[in-house]
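Peer 1: Below are the chains, spelled out letter by letter.
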Amino acid sequence: MSTGYYRDGKKTIKMVPYKGEKMDTCATIHNDYVCCNVKVLKSVSNCPFDCSYCFLQNYLTNPDLEVVNDYTQLTQEIIEKVQRQPWRFFRIGTWELGDSLALEDRTGQAAKLIHFFATCPNAILELKTKSDNVAPILHCDHQQRTVVSWSMNTDYIIRTEEHKTASLDHRLAAIHQVVDAGYLVGLHLDPMIYYPEWQADYTSLIQQLAAIVPQNQIAWISIGSLRFNPEQKRLIENNFRGSTLTCQEMITGPDNKMRYVKPIRTQMYTHVFQHIRQAWGPNTLVYLCMERWSMWQAVMDYHPTSIGELDYIFADHFHRYFPHINPQIPNKDLYLAYQDT
Amino acid sequence: MIAIASLHELQTSFMDWSRLIEPTSHLVESIKKYGVLSPVLCIHTTENRYIVDGQQRYTIAKDIGLSHIPYIDLTPPIDTATLVLALHKPQIDTSAMLKLRFIRAFNWTLDAAHCQALTLPYYAHLKADIARILTLSQDAQAFIHTKRFSFKEILNIIHYNVSVIDEVLYYNWAFNFTKTQFDTVISYIIALIKRNKTSFKSIFDQTNGPTIIETDTPPQYRLKCWLTRLREMAFPIHTQVRSDIDARIAAIHMDTHIQYDPSLEKSGITLNAHITHPDQLRQFTQKMCDNTVHDTLCEIINRL
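Same order as they appear, the protein sequences are chains A and B.
Numbering-wise (this note's numbering), the first sequence opens with residue 1 and increments by one.
Numbering-wise (this note's numbering), the second sequence opens with residue 1 and increments by one.
Next up, chain A with everything else stripped away, as it sits in the complex (with noise of 0.2 Å):
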């Protein structure tokens, strides 16, 4: 049982030198879904929080706390990358393995890379995090072209599943302070879980949101539902044994995924679209989390045809309300033909 040492590993941050390559496709890509094709920067390895529905439990089998220290090749090998495709618009992120930004203050690892985003010329950065860790990149240059993203939820889903991370009002403070700084926000409503209060309480969040952060600094909302595999069911009611998160009622899909049965995600996500389309208007990014196209429809009455064209999506927003940082008008047809890089 690596239950234990998942956690153990949590407690020390290990530099670790830069071994093999570090930017990849996000894992969860799959031809049945409608997914966005963001990148992700390995540069961080588990995490000092611990939440219950975490995926780290039932997928790391290093369970150290690890941060890339060697910035110089982790940078080439980014450099080398998009200059290889230097018509894409990439977005990269470095939140796939960890919390981009928990560790930042003993680290300085986001600091040095928004750095040098902030001259990249095709491509952002994306830092996600569910900490409140934002006073070391407050004054650092990043020209916009960094995405301060939080994941966000409840307050009662962040007291009883999000175990260790900052609480609602301290991230709500954290994106006001970067709204401030002038940085473009990202919310990634994900992952939505189903209890009794779950419609009023996420109204409730959308609102306060929409208080902090202006419709022109939003770079993008996600939205997206609770969902493991099987696997990761056991460990979950293992390690969080009052956690009541997988007691709805969940079904195994094609995918070997388990997820809210689709009449109660379409609910959810109607719900909240509705309501950030209140908050925000018509022109904010808004898109689902491995969904599939027929779920985009009945949410959004539309939906992209492919992970190309949901890719292409994404560029062309940046090009038309954010130009200085996408001066290049995309190439759908590039973006189509080479959705599987």
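Read the hints as simulated data drawn from the structure, not as lab findings.
All clues stand as given, with none of them false.
The calculated BS3-like cross-link candidates involving lysine-lysine, where the alpha carbons are at most 25 Å apart (straight line), are:
id, chain 1, residue 1, chain 2, residue 2
1, A, K10, B, K127
2, A, K11, B, K127
3, B, K194, A, K233
4, B, K179, A, K233
Knowing the structure of chain A, use the given hints to seat chain B on it.
Peer 2: Then chain B, alone, in the frame of chain A:
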């Protein structure tokens, strides 16, 4: 040296952990016919003589009314726990439940080396987990042993509530659970208890359990009926949507087989018709052009 002892002179407390092991009928018949041929192994302390190998021979002899059995006293240079483990390792290795009972019997230290010796995981709250598992009733422990649950699988079923295992197994006489079926039932029951903040008894009543166990049908049929009711209770929305779709499909009255993804995840339907005669093709075409059929199929597609 082989000696003979009266059964009441022999203590069995060092072998209590093995009481889940059912004696083979072959051994029972042999002892009935010839008595205990192979002496049990004992260690002799200043006060008592303890069996360390031969619990089944002892139990059978007692059950069939023998008064004496042969024994050999061992004088091992190792402690009793190590001796018992050395003598029974192959048997202990076959069952996680035996391992845990062995640990308790000898109050075995749960350090990394001991865990490795028993191929058990070594983690912070292992001791607490073992203590919880051993609060299961003897019947539940015997079931888990017989069905060869691994340690991880035991943890999976006891994670929320140990007593519910005993409550469900109380009806094993009616359902004769396999390991997989038991796992499924426990999974549904625990989800429902958590979700509805209710009790096993309430779920059992609501799923028609008391009536099902009284039916004069084979255990597997009873279990199938109960699992169907449990599933409906655990998946009310999914069940409702599927029933609605199935009813619409039935109402079309087509020979065509209309399929959809039962998980409801994949959208769309598949029409499967085997047509061997032009008349059948004509009927099929007419049916598909029928407005009512068309509208019903559209409704089904929209639900998916």
